[in-house]
Structures are given as C-alpha cells and as structure tokens.
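K.L.:
Single-letter residue listing:
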Amino acid sequence: MFGNAFQDIRYALRQLRKSPGFTLTAVITISLSIGANAAIFSMIHAILLRQLPFDAPSRVLVVDSLGMFHGFRDMRTEVNASAQSFSTIEAAAMYAVFGVNAELKNGSAERLTVAETGAQFLRVLGVHPNLGRDFAGDEDIPGRDRVALISDRLWREKFNANSDAVGSTIRLNGAQFVVIGVLPPKMDFPANTDLWAPTIFDMNAGLIEGNVFMPSFLVRMRSGLTLDAVRAEFAARVALQGRPRNKDSTWMVPTPVADELTKSIRNSLWMLALAVFFVLLIACSNVAAFMLARTEERRGEFAVRAALGAAPGRLVRQQLTESVLIALAGGVLGVAVAHFLLQLIYAMRPAILNGFPRPAIDLTVLVFSASLAVATGLAFGIAPAWAAGSEDPADALRVGAWRASPHSMRLRTMLVAGQMGVAFALLVGAGLLIRTTANISRVPLGFRVDHILTFSVALHGQPYVQENALSPAVEEFYSSALGRLAAIPGVNAAAMISTPPLDKKADMLIPVRDDNANQATINAAPRLISGGYFSALGIRFIDGRDFSTVDTRASRRVVILSQDLANRLWPGRNPIGQTIQCPFIFCKEPPVVIGVVSPNRRFGPRSDSIPEFYLPYTQMDWPSMTFILRTHGDPAALVPAALSAIAAVDPSQPIIDIETMRDRLNDKESLVRLELFALCAFAFLSVLLVAIGLFGVISYSVARRTREIGIRIAVGASRTAVLKEILRESAVIAIAGAGIGMVLSLAFSRLLSASLFGVTAYDTTTLGVVLLAFMVLAMLASYLPARRAASIEPMQALRTE
Amino acid sequence: MIELKHIERSYKTGYTETWVLRRIGLTIREGEFVTVMGPSGAGKSSLLNILALLDDGWKGEYWFGETAVHTLNRKQRADLARQSIGMVFQSYHLLDDLTVAENIDLPLSYKNLPAGERQGMVADILDRFQIVAKKDLYPSQLSGGQQQLVGIARAVVHAPALLLADEPTGNLHSTQAREIMQLFCELNRQGTTIVQVTHSEENARYGRRIVELRDGWMTRDEALHTAARGAM
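Protein sequences, first through last, are from chains A and B. Residue 140 in the numbering used here sits at position 140 of the first sequence; the count goes up by one each step and never skips. Residue 873 in the numbering used here sits at position 72 of the second sequence; the count goes up by one each step and never skips.
It should be emphasised that the hints constitute simulated quantities derived from the structure, not laboratory data. Check before you lean on any hint, since a few could be wrong.
Keeping only pairs whose Cα atoms sit at most 25 Å apart, straight-line, the calculated DSS-like set for lysine-lysine is [what the hints assert, rightly or not]:
1. B:Lys876 <-> B:Lys912
2. A:Lys724 <-> B:Lys912
3. B:Lys860 <-> B:Lys876
4. B:Lys876 <-> A:Lys724
5. A:Lys505 <-> A:Lys263
6. B:Lys912 <-> B:Lys936
Computed Cβ-Cβ distance ranges for the label pairs, DEER-style [to be verified]:
7. B:Asp898 <-> A:Val367: 45 to 55 Å
8. B:Ser975 <-> A:Met779: 48 to 58 Å
9. A:Val732 <-> B:Ser892: 29 to 39 Å
10. B:Leu899 <-> A:Val374: 42 to 52 Å
Values in this document were obtained by computation on a predicted structure and should not be read as measured data. Ideal Cβ placement from N, Cα and C applies to all residues, glycine included.
Go ahead and model the full structure; you've got the sequences and the hints to work with.
P.N.:
Next comes the structure, spelled out in structure tokens:
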C-alpha cells in the first residue's frame, strides 16, 4: 500500500513538473486563498474563540448596574448588599478603568492604565495571582486600599520579572501603593490593564480622571443556573424599581463577558470569515476546472491504464495525489501569505483591534492551514479524479484523444458559473462598503478634522491637588501652557477642552434647566473650554460672544450653549442673557448665557449631535484637558514643539493621547475601514480568479468546438456570427453566475448591515452597478477566445478532423 | 459560370515555397458535371477549396458569373459562398449535437430567412431525399451512407448554383457510393452545376468532363463520352 502511495507521489510530482505553468498557477491560487483563510482564522481564534483566562468563564457576566445607587455615601456597603440580594449570583465586583501618572521604584515616570476594583474582583473572575496574593476581603475599604496587583507584562518590563517586585512601592498620581502580587500572563481584563487597585469605593484615592466616574459590574453566576435565569432576576429587579425599559434596552441585562468584549467586532469577523471562505471556494473551483481539462487531455493515458488493469479506485487515488500535493504546497506558501496579511492589517493600526490580543501564526493556525489544505486538495481534485476513474477505455481509445466529453464541459461551465456567483456576492459587499465610506465622508461633522493636533494633560499631585481639592495652580498651568503653545511657529490657533470631539472616553450627561422656570430638565454634556476653542475647531458661532479675558473667577459666571440645547430650553426666544441651572459643581452659581454655537457630531458621522454647554476653564478648575492646535501644515510636525512647551511649564506632567483629529476620526471608523480593505482585497482576488476561470473555460470550449466552428463557417456562418455566438455563451454563464450571486449577496450583505451607512444591504443601485461591471468583465474575459474562434480557418479545422 | 485564369497557390514554410497549384486555367459552364482527378498531393482539394471560396491565399483571376471574386474582400467572398455554393465533404462533417433536420437547417440559419420559410425548405429537402423518418435522429444513429445523404441535403437545401463534392463516397461502401452518385446525377439533371474530386474512375464516369491535375498543373481537360458514363 505504501509502495503504491510513494509511486503515486513520484508520478504526481513528475506530472506537475511537466506542466510548470499550470502547477505554479494552481499553487499560487491555492496559497492566496488558504493564506487569507488562515489570517482571518487566526484573528477569530485570538479574538472570538480564545478561552478567557478565568475559572468557568461562561459564568462571568458584565452588567451596567446592580440596581442600587442612592449616592456615593457608602457605596461599598450598597454594592455588597445589592450583590447578596440576588439569588442567582454568588459574587459581584465593581470596576472602572483610568489612566494614571505612575512613578516606579526606579524613579521613572510614565502613564499606566489602572483598573480600580473591589476586593472581590479576582474571585468573581476566578483568577489567582502567579506571585504574591490576592486582595484581602477588607482591602477595598477606604484607607486600607493602598495595595495593587500588577500585570505580568508590567512585571517583566519594569521589574525585570524579579520576585522582589512583591512588596515594592509605586506612586500613582502621587499616592503610594504597595505591590502585593503579579497576575498570570493571560490575565488581561480589562484589556491593556497594567495594575489593579481595590480603590473603587475610595473617592479620595485620586485615581479618577476628569471627575467622570462610570463603573461597570462583574457578576459570577451560581453554578448550575442558566443565563436566562439570571436575566430574569435582573429584569424583575428593574420592574420592582418602576423603571420602564423598552425591548431594545440593555440596562441591567447581564451579558457573558466574552460576548461583551467582542460585540463590536464579532459580526465583522464572521463576515470576513465567510468572505475568505468564498475566495477559497472560487480558488478550488478554478483549479478544479483546469484539472478537469488536464484530465480530458489525458483520457488516452487513463484508458490505456484501465485497459492494462488499473482499477477505477487506483486511477482516482492517483489523480487525488496530484491535487493534494498542489494543495499542500499551496498551504505551506499560504502560511507565509497569512503572516504577510496579518502584518498588512495591523500596519493599518485599526483601532477596533486595540483591545484584543494580536493574532499569531501558532500551532492551532498551522493545524488549521494543514487541514484546510488537505480538504481543499480533495475538494478540487475529486471531480477530475472521478472523471479519470470512470472513463470507458474502449470509448476513449476508439474516439481518440480529442473528443471531449460533454459531461466534463458542463461540469466546468457549472464550476465557472458558481465561481462567478460567489465573486458577485463579494463585489456587492465591497460596493456597499465603498458607498458607505463615501456617504460617511460627506456627512458634515460641524468641526474641523484636518490640520488639527490634539493631546491631553491630566494634572496630578502637587501643587495641583491640595487636600483633595484642585488649587489655582491648575488654571495657572493651563493658561501658561496655552500661551506657550500659541507661540509655536506654525500654530494658527491654540485652545483646549475637557472632552474633545471624537473622544474614546464615555461622556457625562447632567440635567440642565432654565434657572427661572420650573420646567423639565434636559440632559446635556458639560464642557470646559478656553476662549478661541470654537474658532480653532471651526465651530460656527450663531449668536453672542466667545469667552474672553474678562471671564474670570471674580466676574459673573458665564456659559455658551449649543443651539439644540438653547432651542429646547427657550424655544423661539433669544437665549442670550438667560441663566441655566444644573447640579454638581458645574452650576454652583447659575451661569448666564453669553453665546450660542452650532451643534456638532462629536461622536462621529454616524451619530447625531447631543446638547452641550460650555464653561470657561478660568471660572472652574478641571484637572484633565485636551489641547487643540490648528496649523496649516502637517499637524504631526507640531508634536516635538508641543511636548517642549508643556515640559517648559511642568516637566512632571506626562502628555497623553497625542493624535491628530483625522486619526481620531479614522479610529472611529476603523472597523468599516478594516472591512472595506479586506473585502475589496478579497473581491479583487475573486474577480481575478473568475476572469481567469472564464477565460479558461471559453478558450477550452473554442478549442473543443474548432471542428464545429469550421463547419459552421464552411456552410455560411459569418465570422461576426461566430464571435457573437461565443460571447453569447460567455454571457449565459455570466448571467447564471449573477443569478447565483444575487441570492448569495442577499445573505452575505446582511452581515454587513451594522457597518453600512446611508445605504441598505439590498441597495438596487449597487446591485445594478455590480451586475453591469460583471457583464463587462465576462465579455472582456471571453473576447480573446471569441476572436480566436472567429479567426478559425475552416480548411485547417476540417483538415485536423 | 466559373472562369479561372492563372490560378496559383503556394505555401511558405520557412525559407521554402511549396506550390500546390500552378497556372490553373479552367472554365466551367452552368449545368456541367466536372470531375477533378489526380494522384495524392496533386492539388485537387486545394482547387476545390478555392472554388468553394474557403481559401484566400491564391493568386490569379476567379470569375463567378459576372463577379470578379479576386477583387472581393473576405466578407464579400463569404457572402457569395453563402448564397451560391454548397459543399459536400468526405467525412460528412455533420454536427454531432444537432439532429438531421437541424443539420440541414444550419446553412439556412445563416441567411436571415424567416423560421417558417426555413422549416418549409428543410421539409422539402427531407422529402426529396426520402429521409423524413430520420429527421429527429442524430448523426451517430445513422449509417455512413445516410450521413453523407444528410451532408448532401445540407449542401443543396439553399439551392446553390454550384455544388462541390470532395471525395463524397470516400468513406462509403460501393452500394452506398452508387446511390450517392446517382443522386448527384439527378441533381445535375435538375440544373445544379457539380464539381467533384475523386480517386474513383467509376465515380468519374458519372460526370461529363474530367480535369486532371498532377503536381499542381492541369494536365488534362476533356469531355467524357456518353457511353463512358455510368447508368443513371
């Protein structure tokens, strides 16, 4: 058996060496498609299929609230009591993520990501430190909570993987913390966290930035229960609180943490997986069609083998050996293609992938590629192998080598029509994404995007924070920084804002009303800004004036409103001179409206504007601000000067989140851009393969029909009629393919629905354009063979017979 | 009907030029039955292909009636051939995927005739050749003689002025061959001009004139006496 197998392999290699053109084309075709599949699989494996490093991860749920919240007075007691009141959960923990200014033991200062949690956090997740210990049960009580667990990455990078990291101290925003443990390498929840500190209930810990506190909750479901049971209990709690919830609301709906983490990208990855599978189908049928033609040409050989005693199964195995060898070679190259594709995808820096592990070509992906290669080889080899094994030797030897079977021709035609259908679906998907991108680019955001540099400074420690309150040094810092930044050559405008447009952080909405009227409140977002902010970002002033040097702490409190907020507070009336009322620190003294500006789509082109009100930073301290620098050239060129300007004011305050406004916008749309890039690449590859396939099948058809075409010309057919006949044959295949494609695209485009903008998944314009392009492609691919057919000399054709 | 003057045909292969027809001069009157004979390689089939307007690579003058074929372009020649010439091949050259009726209809389908008219013409020919019962059969279901009959029917369905036959009985046995030649005689009697290429002396006797070629030269052109012609 093995002797025969080696013989088959030797013979197959000889056959493949004899046809280097076919072999190279087939291997490249297969390698590109296997490579694309392996690349997407590695992403799915790393992002969607990875086992979270928790104990029984399916029991760990994320929820936005436990249904309590009577204030910040004793949050720890409230959270613990609330968690215990649920019968379906065994533990709960609150957490929130912030950036902090850190000083490590070696004196280096840098920006780290900290997750503020309760003491139960690791117990909820089912994770244990690799080194040191977990939080003690009472270490989340304010005053006892100056301990931290560090990530394995931080331990290796900053502590040299030394065990004496446990017990060392680090300063976070000026406060000293003791490292009590190191977490396992795979523990990366929340994503990219460097430290975990049990300070979630401590309002004086100083780790919260921007005074915006929006925690989430993790709960561990009791063993033996279902997700539905947990959700039912939470729904009952919502009903008990008398808070109406519409059917699409996610308020207090526990979600498995794996689903929550991947919800933004899940559909897209599966859509891409389907797309590359389509590409593989096309490649397989392409190679199968060419192998069928080779089998036809070797009918005589198979007939002789059969006549000499070869069983049909032996002939089938011999042919399959060839196809599997091609596929394995394609698989090996495909791994290199996958590696290259992953490099290409991550070179685009898609922000959507930032929170996930970076995929690698590991053993799982290699096994996947090898399995796919074997399956591919069998898939595209089975039809030609079966044809070889089922040949009637008497018939083949009598008729001669060049009487191709109509069955084989029909099969090749069907394969090409199928390929075209699949390529059609990919083209429609790419077309929809192109239109989406175009639609998005046309949406007016209401603020400038180009030539704008942004970066943030979050002030911590002395002299900015004194006795847990902000000092006048905050205003001095920002004023001085603004002055220096405005003086940088090339800077046309310098300004700042507490929460810039296209920010990644969650927004805060607070209720606002007319100070002089007893009316319903309107939820609006507060912004602290400097004078010149609107001008710097090109936000249009509708009425009134901007903040200026007269607006100080000693003067009347002032506010500027967005037009949508002003219209809702005072419909049909002039808002200038009116006063507003709002809770918390923003309206200690009701500010008077001095200006109205146009609203803007601060969350990006897909979202509407929200009501906003702007306060001058000179009348209220805010520890974290984002600077806006406008230039006429490349904004990235301003970075060194900007860093120097801030360092000149206070070198101890790190600058974070340096990016251009264009980068911010691209990050918002990074998922669509990733989908567009991938889908266009796959569609292009598919179209190329389909064109080659159609060219091949029409050429083969012409060659097979040489005698027939010669006779037709001899009995009176004009050459134009012959040309039209061949093009008509191609058109029929293309129309059949388009019909298959229409059906496939209906299903495929639904996966894109979430990414589309301004166009539906069943857009008839896109379908029409793709259909037209398709038919043109089919005509182009078959024109040369058609011309060849029309040039047949009947004498030559009939003489060969 | 046909006049050839100084017709020559050669094929260049590399640096050599092979002549297959040398200074052929031939006049064929309407209603004639001419046989072209000669050994293999004499140029018989080449001459027939030129007469059939299937070959463009010749030099000289070719008059088809009043039409100077030598001045026509390829498309014009094809139009002339479609209207006026029918060809019968040694290997029949029927299309395997078409029925007998469809094979006969083939030349009509290239003449932009209404479908009803074409059907009528095909029915006439089927009746005339007594193959109505076989109209829905495929060539593979017919004997050699029957296939050649269909080939002839296809060649004459559009009532060409000139019928050319290249070894029409080459693949048939004697009985079938005789039937085919008698059919040719009948067609000739009805007014069709026929030029056949054959090796067979017996077939040649069905014609009225013999033209002999050797090494591309016309070496003989004489009328056959009535007594030498086969029984009709």
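K.L.:
Hint check: Lys876 (chain B) vs Lys912 (chain B), CA-CA at most 25 Å. Holds or violated?
P.N.:
14 Å, holds
K.L.:
Quick one: are Asp898 (chain B) and Val367 (chain A) within 45 to 55 Å, going by C-beta?
P.N.:
Hint holds: Cβ distance 49 Å, inside 45 to 55 Å.
K.L.:
Verify the proposed pairing of Lys876 (chain B) with Lys724 (chain A), using a straight-line Cα cut of 25 Å.
P.N.:
16 Å, holds
K.L.:
So if I understand the rule, the pair passes when the alpha-carbon distance is 25 Å or less; does Lys724 (chain A) with Lys912 (chain B) pass?
P.N.:
16 Å, holds
K.L.:
Between Val732 (chain A) and Ser892 (chain B), is the Cβ distance one that fits in 29 to 39 Å?
P.N.:
30 Å, holds
K.L.:
Quick check on a hinted range of 42 to 52 Å for Leu899 (chain B) and Val374 (chain A), using CB atoms only.
P.N.:
44 Å, holds
K.L.:
Take a quick look at whether Lys860 (chain B) and Lys876 (chain B) sit within 25 Å of each other, Cα to Cα.
P.N.:
The given pair, whose Cα atoms are some 18 Å apart, holds under the 25 Å limit.
K.L.:
With 48 to 58 Å as the target window, see if Ser975 (chain B) and Met779 (chain A) comply at their CB atoms.
P.N.:
This hint holds: roughly 52 Å between Cβ atoms.
K.L.:
Please work out if Lys912 (chain B) and Lys936 (chain B) have their alpha carbons no farther apart than 25 Å.
P.N.:
With Cα atoms ~21 Å apart, Lys912 (chain B) and Lys936 (chain B) stay inside 25 Å; holds.
K.L.:
Checking one constraint from the list: CA of Lys505 (chain A) to CA of Lys263 (chain A), max 25 Å. Satisfied?
P.N.:
18 Å, holds
Checked against the numbered hints above, the structure breaks none of them.
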